[in-house]
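Based on the provided sequences and hints, a complete structural model is requested.
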Amino acid sequence: MVIEQKKYTQKNGWETLSKETFKRQPQLVLIFGARELLDQGVEYDTVVGWYPQTHILWCSTAGEVYDTQVSDDSLSLVAISFETTTVKIVESDISSPDESESVGRKLSESLTSKGLIHAMVFSDGMRVNGTALVKGIASNLPIDISITGGLVGDGPNFKKTLIGLNQKPAEGKIVLIGFYGETLHVGYGSLGGWDPFGPERIITKSKDNVLYELDGLPALKLYKEYLGDQAAGLPSSGLLFPLALRVQGNNGDEEIVRTLLSVDETAQSMTFAGDMPEGTPAKLMKANFERLIDGAEKAAEMTNTGLGVKNPQLAILISCIGRKLVLKERTEEELEAVRSKLGPSTVMTGFYSYGEICPTAAKEKQCQLHNQTMTITTFSEE
Amino acid sequence: MHRTLERQIKKYLADQSTRPEGWDSFLQAISDTYIHSDEDRALIERSLEISSQELTDKYQNLRASLEGAEELEKKLQSEKLNVEEKITERTMQFNNETARLQASINSLPIGLIMTDMSNQVVTMNPAAKKILYTDIKTPIDNMSIAQIEAFFSGGLDLTSKVTFCTERKESCDINEQSYNGKILHISLTPIITTNSDKGIENDVIGVIIVMQDITEQKTIDRSKDEFFSIASHELRTPLTAIRGNTSLIQQYFMDKIQDADLKEMINDIHESSIRLLSIVDDFLNTSRLEMGKIQFKKESIDMVELVKYIIKEYMATGLMKSITLQLQEPLEKISPVIADTDRVKQVLINLIGNALKFTEAGGITVSIEETQGMFVEVRVTDTGKGIPLENQQLLFHKFQQAGSSLLTRDDVHGTGLGLYISKMMLEGMQGKIWLESSQIGIGTTFAFRLPIKG
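Which chain is which? The protein sequence lines are A and B, in order.
In terms of this note's numbering, the first sequence has 234 at position 238, counting the first letter as 1, and numbering is strictly consecutive.
In terms of this note's numbering, the second sequence has 271 at position 247, counting the first letter as 1, and numbering is strictly consecutive.
Please note that the accuracy of each hint is not assured.
The calculated EDC-like cross-link candidates involving lysine to aspartate or glutamate, where the alpha carbons are at most 16 Å apart (straight line), are [claimed, not checked]: (1) 19/A / 260/A; (2) 82/B / 211/A; (3) 324/A / 64/B; (4) 324/A / 56/B; (5) 82/B / 196/A; (6) 131/A / 97/A; (7) 220/A / 78/B; (8) 477/B / 414/B; (9) 324/A / 62/B; (10) 317/B / 451/B; (11) 279/A / 78/B; (12) 217/A / 78/B; (13) 220/A / 73/B; (14) 324/A / 394/B.
Here chain A is said to cover these stretches of chain B; the calculated rule only asks that three of the stretch's residues, wherever they fall, bring their Cβ under 8 Å from a Cβ of chain A [stated by the list, open to error]: (15) 51 to 58; (16) 73 to 87.
In case anyone wonders, no lab produced these hints; they're calculated from the structure.
Here a beta-carbon is modelled for each residue, glycine too, at the ideal position from N, C-alpha and C.
Given below as structure tokens:
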């Protein structure tokens, strides 16, 4: 596998971190960039000019990962030339969260199962119910095929998110990439580092991923009370208090973290990135720096466990915007923590997201939508 | 800039001239970190404070709930004791009632068996055990209707009778059931319950089977019948001789008897012998009917013609008492009945004879009509003295008369067997007799019917 990594800022233009000589044209270019830059089509033609015969995927972010750096106004690019691995990419439009499951099903139907090693999904972050999307994709893929990915972002704005596959990025897009080939090894890991606190509450009124009431009281009122002055910063400030749902899993109770996407003052409702089933116990969560950074480090360790080899060639980091809002100036510390576990040679790219998709354990294949986690997918080709 | 940082800069880096290039940006970044750190700490402290208050509130609510629950538990405990006391009391009442009922059932001279819905025996009194068998080895609780049926060695279909009772919700009888040299009368009655709370109405929960050993009664009845039969037959022979001889005396030797008292005595002997013969005939008929020794012929009878014939026979008797005797001619043609002509004649003679006996003035009317295309009904109406209400119920029983009992005698001589014999004969011919109406001083109507198709 040969990887070229570049970064663009309006101040400095393009910078190249690693310039490799491709033996063959790269099969895949991933560009994670600030929503404003993507919206304006900045450097679109340049990139297409560089990789005329390559699938180019543009994703808007809530922060671009470039090695161990985080930027809010850049383009982070990796061009990947696999030795023997092939990719197949399918895409679909989505206009409302209600379509999430059916669109997911349709996308996975389009992927050939034979020889499939792994699938990565990049989805619109505002028009999707992540839980339903994951359910739809998983329903049509073999049970031993792992799925990772994330919901793309829009900084702390939560207004519109953009994806573009071989075309200018736009809203309402979902892209699914299938990786084929026996020589490719894929690892994945996902951890949060948030701690539940305070009393356990019951979701007493909700519909799909829209929450109305906890313990019979308006959920939005509770959040405003906790946020105090920072309530003005909703919905992004709501990410400081994600909700931990206690759900029945295969091995007893499991904790699923849900993060806020938007609020509706009129309906007094809060829309989360995944389902909020009525009757589910929920607790507010808080974070501290050490636990978050420790979480990122453990996620990197998990990727090594699954991959079977250390020092992967490529790591795609998808971390939650909620973490970035808490870590602020110290956000890059979690990237450094990941680097410390992956080793110096791994190309690290990725973005801060509105939701992460990954199996719950390194050896598991059944994927779930996560929030507030550092989710890492690593690739190595023999 | 963050106040702490500002203070630290003043303290340690007062000389601005020594600061390297880019120092201000660096300090601003540190300041931002200080500020954000304060904000985060404030937010966490605030959230923990609110959360702590929430937990306190919840704890207090929990304590209040716990106290409420303890109070409720005390009440429940008290209620439980009350309920237990009531249950004990009711159980005792129930046990007493059960004991009384069981004692009553056990003391009955007749056999009683009670079954549940699944045809299992739940109660069998000693009289029933005595009737069925002497040695009880099978536990009664496990005994079924089929097992009781087995005692009769296939001679009793008790299961179908129980099914009839439970399905039709009606009682039924087995009149004479032979068993082990005994004759039993068996009655079955469904146990019907109503539980309006559960919306159950007329639900059958079992059957009561009553068994009565009627062997002795039947033996007595038969002995009595045989006695009547033999006695009557033996009485008839000398009586016939007496009547024959007195008749011969009256016919051929009356002119040789000069004494008027002697003549009267001979007439009395003759009349008494005739009456006594009639009584003996009634006894004999009764006995034969009861023993089933009379065979009924199936003849086609024109009732109008038969009635006309009888009326003609009795016309003279009527004229002697100045009583009219007539047939009310039917408006439509009457179908012939299927019956024994001689027996029907006997019935008509009995009814018309009775009417003549009990009527002193007025008349007797006989009417005939066909009903439902199945029967011919005959009504004999007189203008006699009528039958007292208290006697009406007993009319068709043995030795009962319309006026008074046989033993006390009255002005109209009779055995009190006439209507009983008529009833027996009509029933033997698939017919029926009844008192239609009777009013003191106004008159009486008797009716009977016979089938058109035998």
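In ascending order, which of the hints set out earlier in this document are inconsistent with the structure?
Of the numbered hints given earlier, those the structure breaks are 1, 8, 14, listed in rising order.
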